[in-house]
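*Asks:* Okay, here's what each chain looks like letter by letter:
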Amino acid sequence: MPEISDFGSHDLEGLFAALFATAVDGIIVIDPKGVILLYNQACERLFGFGAGEVLGQNVKMLMAEPYRGEHDGYFANYSRSGEKRIIGIGRDVMGRRKNGSTFPMYLSVGEGGLTGQRFFVGIIHDQSQIRQEMAQREGSDRLLAQIVASSDDAIISKTLEGIITSWNASAERIFGHSAAEAIGRHISLIFRPNHLDEEDQIVAMLKAGRDVSHHETVRVHKDGRLVQVSLAVAPIHDSAGRLIGASKTARDITEKKRAEEHLMTMRNELAHVGRLSAMGQMSAAIAHELNQPLTAVANYVKAAQRLLEASASTSPHVARAREAVQKAAAQTLRAGTIIRYLRDFVEKRESRKSLENLNEVIREAVSLGMLGQTHTSVKLTLTLDPALPPAPMDKVQIQQVLLNLIRNAEEAMADTPVPQLWISAVMEGHNILVTVRDNGPGLAQEVAERLFQPFVSTKADGMGIGLKLCQSIVESHSGTIEAQDARPGVAFLIRLPFFRTDPAKELT
Amino acid sequence: MNRQDMIVYIVDDDDAVRDSLRLLLKSSGFNVQVYGGAQLFLESDIEKAGCLLLDLHMPDMSGLELLRLLRTKGWHKPVIVIGGRRDAGLDKQVLEAGAMAILSKPFDEESLFDLVRKALATENN
Numbered sequence: 000m001p002e003i004s005d006f007g008s009h010d011l012e013g014l015f016a017a018l019f020a021t022a023v024d025g026i027i028v029i030d031p032k033g034v035i036l037l038y039n040q041a042c043e044r045l046f047g048f049g050a051g052e053v054l055g056q057n058v059k060m061l062m063a064e065p066y067r068g069e070h071d072g073y074f075a076n077y078s079r080s081g082e083k084r085i086i087g088i089g090r091d092v093m094g095r096r097k098n099g100s101t102f103p104m105y106l107s108v109g110e111g112g113l114t115g116q117r118f119f120v121g122i123i124h125d126q127s128q129i130r131q132e133m134a135q136r137e138g139s140d141r142l143l144a145q146i147v148a149s150s151d152d153a154i155i156s157k158t159l160e161g162i163i164t165s166w167n168a169s170a171e172r173i174f175g176h177s178a179a180e181a182i183g184r185h186i187s188l189i190f191r192p193n194h195l196d197e198e199d200q201i202v203a204m205l206k207a208g209r210d211v212s213h214h215e216t217v218r219v220h221k222d223g224r225l226v227q228v229s230l231a232v233a234p235i236h237d238s239a240g241r242l243i244g245a246s247k248t249a250r251d252i253t254e255k256k257r258a259e260e261h262l263m264t265m266r267n268e269l270a271h272v273g274r275l276s277a278m279g280q281m282s283a284a285i286a287h288e289l290n291q292p293l294t295a296v297a298n299y300v301k302a303a304q305r306l307l308e309a310s311a312s313t314s315p316h317v318a319r320a321r322e323a324v325q326k327a328a329a330q331t332l333r334a335g336t337i338i339r340y341l342r343d344f345v346e347k348r349e350s351r352k353s354l355e356n357l358n359e360v361i362r363e364a365v366s367l368g369m370l371g372q373t374h375t376s377v378k379l380t381l382t383l384d385p386a387l388p389p390a391p392m393d394k395v396q397i398q399q400v401l402l403n404l405i406r407n408a409e410e411a412m413a414d415t416p417v418p419q420l421w422i423s424a425v426m427e428g429h430n431i432l433v434t435v436r437d438n439g440p441g442l443a444q445e446v447a448e449r450l451f452q453p454f455v456s457t458k459a460d461g462m463g464i465g466l467k468l469c470q471s472i473v474e475s476h477s478g479t480i481e482a483q484d485a486r487p488g489v490a491f492l493i494r495l496p497f498f499r500t501d502p503a504k505e506l507t
Numbered sequence: 000m001n002r003q004d005m006i007v008y009i010v011d012d013d014d015a016v017r018d019s020l021r022l023l024l025k026s027s028g029f030n031v032q033v034y035g036g037a038q039l040f041l042e043s044d045i046e047k048a049g050c051l052l053l054d055l056h057m058p059d060m061s062g063l064e065l066l067r068l069l070r071t072k073g074w075h076k077p078v079i080v081i082g083g084r085r086d087a088g089l090d091k092q093v094l095e096a097g098a099m100a101i102l103s104k105p106f107d108e109e110s111l112f113d114l115v116r117k118a119l120a121t122e123n124n
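Line by line, the protein sequences are chains A and B. Position one of the first sequence corresponds to residue 0 (numbering that gives the first Met the number 0), numbered consecutively onward. Position one of the second sequence corresponds to residue 0 (numbering that gives the first Met the number 0), numbered consecutively onward.
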């Protein structure tokens, strides 16, 4: 390898000239007064001045304020005290271009003396690119920090060992610990004491390369109360791709859980009331069904009694027949009394009618009906007349009817490609007409005719009680219910009387 | 007019109830004509003097609807409505629609005969 002493002075001159000309950084040589002696091509690109414009001028023309004004002072200071502020060190300063714009540059200055004359060499590295990148990075870091800070979810990062390294404002709110209290502590700070192994499981999942998301669990607030959270945990890797920690997002779902539990309670209650109501309605329906043949029996027996009484026969057989028929008449009376008691009992227990807005009743029934459905794709069209007057009804019972019809429709449409349900409520003369229509397979004629008879069902596991109960409920509201062929599908029409005159008097 | 010249029309969809009513009234000497539904009744000759025993709960057209229809058609013979259960709201509508009385099933025959006799007497005047 050649050494510098191998070069002749002529070669050396050429070497330095090449170095000076091709250097990417700007190189300026000044004398102790600040007069520019040398100025390379890179400087021309940086400052926009040609060499001819600056050679022999004071270097401060290339400086931006405050360096420009203070430059003479730097020299004076250095000459007087020998204190080096920049020489041999280098520092960030602002340069000034020919067009007056400024740019950040890193300036390193060396001092030299050649044949007794002192001079200074300045090397100028343009910092604008890197500054811009830094500013961008800072900007996005700041943006990220703002997002983290303003998130409604707790965002926590931690090392693989479980040591908390960041803790945002929502984490403070949700868990009660301030960032200062939490950072540096182990994540078990917010764990339930008997669930400390949860962290190991999460880390194991991360190590296996799996993300943890929507993991519902329970954490502990600083004040000891439990917080229901939905967790998402993502791995943090270093630049070499090694797993070094985890970032945890925790959403407080305590309220959501409470709402879900409330809804569940409501459904259970409705189901309970519904069962009681269904039992009552079933008793009423049975009483009604038995009443028909019983009435016929009573009539027949009394007719027979009359015919026998009118007979002039003195046969002992006729006398015994008279006695038997008389006893039969007494027994039908007794059966009638039992049924009447049963019916009175059911009706008294069930008469909980109040003035209700049918639209509201329908809306509630629909939300409950759609909630329980397994067939989530049913498209519902609700057409309610906002002008419907309040009508006297037992809300729970009417909702039972609607729920029953909605669930029947949903079941009927299980194999329908685009299942649709239309529910409407409109005024129709003396009645409010409620229609529940589906686009299922419809009803076979023989089923349609016997639809409201008890123990008729199109369902394999159906008891055939539902529609009978619906009818029984509707009739106890002085209304009617019927099924109509609405190809492709079925429409159930419920007519409930609407009392124009002082409906309050109808309440019993 | 003699009771024998007057007709007790019965409209009830339940075969047994209808037939037993017919037998009971006939055994007491009334003239009876029975119909299984509102439509059958409307299509028949119903202009003879008499009264109507009308079942309230029927499919297709309820007793209340038939009663309203008859009154709008100008048919004004006395009507006794026979219902399964009592309901204040429904009873009120039935009476407002022009029924003479409401009878609940099962009923004792004397109440029935009393009402029928009263109805026919109104018709006679």
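Possibly wrong hints are sitting among the right ones.
The calculated SDA-like cross-link candidates involving lysine to any residue, where the alpha carbons are at most 25 Å apart (straight line), are [stated by the list, open to error]:
{"no.": "1", "chain 1": "A", "residue 1": "Lys394", "chain 2": "B", "residue 2": "Asp90"}
{"no.": "2", "chain 1": "B", "residue 1": "Lys117", "chain 2": "A", "residue 2": "Leu306"}
{"no.": "3", "chain 1": "B", "residue 1": "Lys91", "chain 2": "A", "residue 2": "Leu306"}
{"no.": "4", "chain 1": "B", "residue 1": "Lys72", "chain 2": "A", "residue 2": "Leu306"}
Hints in this document: simulated from the structure, not taken from any laboratory.
*Asks:* Could you run down the list of hints and mark each one as holding or not?
*Replies:* Hint check:
1. A/Lys394 with B/Asp90: holds (21 Å)
2. B/Lys117 with A/Leu306: holds (23 Å)
3. B/Lys91 with A/Leu306: Distance ~37 Å between B/Lys91 and A/Leu306 Cα, so the pair is violated.
4. B/Lys72 with A/Leu306: Given that 25 Å is the threshold and the Cα spacing comes to 39 Å, the pair is violated.
Hints 3 and 4, counting from the list given before, are not met by this structure.
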